[in-house]
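Q: Top to bottom, those sequences are chains A and B. For what it's worth, the working numbering labels the leading residue of the first sequence as 6, then goes sequentially. For what it's worth, the working numbering labels the leading residue of the second sequence as 6, then goes sequentially.
Please note that a few of the clues may not be correct.
Note that the list lumps identical chains together, so a pair holds whenever it fits in one copy or between two copies.
Stated by the list, open to error - Here are the simulated DSBU-like cross-link-like pairs (lysine-lysine), alpha carbons at most 30 angstroms apart as the crow flies:
(1) LYS377 / LYS407
(2) LYS347 / LYS75
(3) LYS35 / LYS178
(4) LYS266 / LYS75
(5) LYS70 / LYS299
(6) LYS146 / LYS377
(7) LYS70 / LYS347
(8) LYS248 / LYS35
(9) LYS377 / LYS178
Because the hints were derived from the structure by calculation, they are not lab data.
There are 2 protein chains.
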Amino acid sequence: MPVDLSVISEASLSPVNGVRLGYAEAAIKKPGKKDLLVISLEPGSRVAGVFTLNRFCAAPVLVCKEHLGKQSDIRALVVNTGNANAGTGEQGLARAHQTCEEVARLLGLMPNQVLPFSTGVIMEPLPIDRVIAGLPACIAKLDAANWFNAAQAIMTTDTAPKAASRKVTIGGKLITITGIAKGAGMIHPNMATMLGFVATDAALSQSLLESLTKEAANKSFNRITVDGDTSTNDSFIVIATGKAGGDEIVNAASAEYTQLKQAITELSIELAQAIIRDGEGATKFMTVTVAGGKSEDESASVAFAIAHSPLVKTAFFASDPNLGRILAAIGYAGIDDLDVSKISLYLDDVLVVENGGRAVNYREEDGQRVMKQSEITIRVELNRGAVTETVWTCDFSYDYVKINADYRS
Amino acid sequence: MPVDLSVISEASLSPVNGVRLGYAEAAIKKPGKKDLLVISLEPGSRVAGVFTLNRFCAAPVLVCKEHLGKQSDIRALVVNTGNANAGTGEQGLARAHQTCEEVARLLGLMPNQVLPFSTGVIMEPLPIDRVIAGLPACIAKLDAANWFNAAQAIMTTDTAPKAASRKVTIGGKLITITGIAKGAGMIHPNMATMLGFVATDAALSQSLLESLTKEAANKSFNRITVDGDTSTNDSFIVIATGKAGGDEIVNAASAEYTQLKQAITELSIELAQAIIRDGEGATKFMTVTVAGGKSEDESASVAFAIAHSPLVKTAFFASDPNLGRILAAIGYAGIDDLDVSKISLYLDDVLVVENGGRAVNYREEDGQRVMKQSEITIRVELNRGAVTETVWTCDFSYDYVKINADYRS
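Next up, chain A with everything else stripped away, as it sits in the complex (with noise of 0.2 angstroms):
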């Protein structure tokens, strides 16, 4: 059951000028579920991309990195559900190119043009033939309109697609920015991956597309987690066609600059969002807080230990106000010089811990009263700096170890 996980309707994603999307049910997961997708993109759109982290990246994620590296006019992007090609070895890089191929001959474009994507099965080869077969359909269904198709498409163990538009005003042009997203759990049994594509027609350098997308991923996908495991298949991509008809963005000193990229970001937090709202047997979505820090890296860290304390998210999932596991987390967050004894702790508007122990006014009642809402506010005081970072989470709940345990048996 999401958490307040708002439902998308198809009417409410606005088309992007200069993106078409295409899809179809190519039985790669299963048969009569929507499994292909083809993005495709007016020339002159510039892409930048951030990926996984994970050494054991997939296929399609090496082959990004290496179109993306080469600078070239990127013209289309096709995505896979029900198989990660991850763990695939040369057999899945080989697939991973033969995809882009045969995008490319239908295109008219050149292989490297195209960026695969794939998400599902790891350890499993990518059954090419079906993608093959499926690709002329998904290009006979190209169109601007089909974002929430596209929403569906993407879409693995998620039990809603995760969409969203909004339009604004940048040097005197109305900006339209609409994105989808795909995760629920950072891996479903062996189903790996969050995506994210996210399209505006702004006009915008590459070198700024591509500190914008950075930026924008390290406040909102980078910010969230459902159990700590990083996929092998992460992948974030921003498209800029450029089709609004504004002069292009080419300061980042600007205030149109500043206007789009937090546009893009607010749009990619409310997707990162939509995954934890969507975690794997998530009941409570929880927002952590971590301010008086000296860096993002620290501050983001403490954060990152409570979101992660498998003791913390059961014991908000059963609502009980254990609050010392918080303080355990941030004591093992890793800040050597840390003086917990200017430590504070709200949950919502309950002052908890003060001076690094429990507040002289707390009451278990406040505290249980806040556990037992479906969204809840964690915020910790530091008090050694002024960086303040915000992590986004869920419960850790029986359904999360059904889940996680009962795929195949």
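The hints should help you fit chain B onto chain A, whose structure is shown.
A: Relative to chain A, chain B alone:
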């Protein structure tokens, strides 16, 4: 249900010359349970310890470090269960000191000759009146034959006492080593801690005892994980009374030192494994061995990445060979220049992965057969160096969530 945890008999535990133990039912945990222990050491005993790296370490850990740091002549240890005296601020520190003062007064020692230990609920005040009221009974019961009772007295949610003895002839003298430990999961609900106490009647210099303690901990208690949560109270103490009558071991290169270190390390591994066998909700005991790393850190980090992964642990609970999850964990273990094409993976004697991909002759039924066992070895070959490290862990079951979520509901 512990996994193949051997039943300890009182008769199997040998007294250590120079060590006496006394316990009491002090109603700190609940009435009618042993929850307070005093260990008294003859003059001339040496003591060394290693402690949690958690910055939110408990008050007794701070006091232990202070008293050991002064190199004073430690003559007594005092342990309570039922309350961790962690997250308790200045008051907690005062109460840990007060406990030492009272033990010192009763035994005619200086307070800094006493080491305090606590395990139990975090963030609750230590009930110092009950501790003080219980101490005379502990001291009245001091006896060299009380190791089994002592193992019971330090239990929290452990389902069985954990203790072991061995005898070894070193330098022509028969040496006794006996130890006890507690812990079941790193932390039950908000119960904190792993504690381990090992005593020998061998004689060795303070500096060698300190090296030995660190090395033994590093190969035993620092090589286990249930849930990756580092407790606030973890402590491991080695005592050498010197009462066996042999010459003092002063040379780290001597055969005597090597023999003693090996014997204490083996006994510590046995105790550490007992904690995992009794892990919260454990149904499987897993040995994770990583060979071919360039350094101890590198091999251990890969082993811990596997042992911490909730996805790996739930797959083992289900006996489901989703072995791509192990590859994913290897990939995010933090080795930047890892060449995944050199990696092999075995489940017991079954080759699952070779050259970074599914082994040609691997059949899923072979993986499944091994995974159904209650004890399983996961062996990874990195093929980049000569260092092998081993970590022990358990699987992740419904009962882990139940134990950690249902405590107070």
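Q: Run every hint past the structure and note whether it holds.
A: Verification of the hints:
no., hint, verdict
1, LYS377 / LYS407, "both (22 angstroms within a copy, 17 angstroms between copies)"
2, LYS347 / LYS75, "between (50 angstroms within a copy, 27 angstroms between copies)"
3, LYS35 / LYS178, "neither (43 angstroms within a copy, 71 angstroms between copies)"
4, LYS266 / LYS75, "within (25 angstroms within a copy, 57 angstroms between copies)"
5, LYS70 / LYS299, "between (33 angstroms within a copy, 28 angstroms between copies)"
6, LYS146 / LYS377, "neither (46 angstroms within a copy, 47 angstroms between copies)"
7, LYS70 / LYS347, "between (44 angstroms within a copy, 21 angstroms between copies)"
8, LYS248 / LYS35, "neither (37 angstroms within a copy, 72 angstroms between copies)"
9, LYS377 / LYS178, "neither (45 angstroms within a copy, 62 angstroms between copies)"
Of the numbered hints listed earlier, those contradicted by the structure are 3, 6, 8 and 9.
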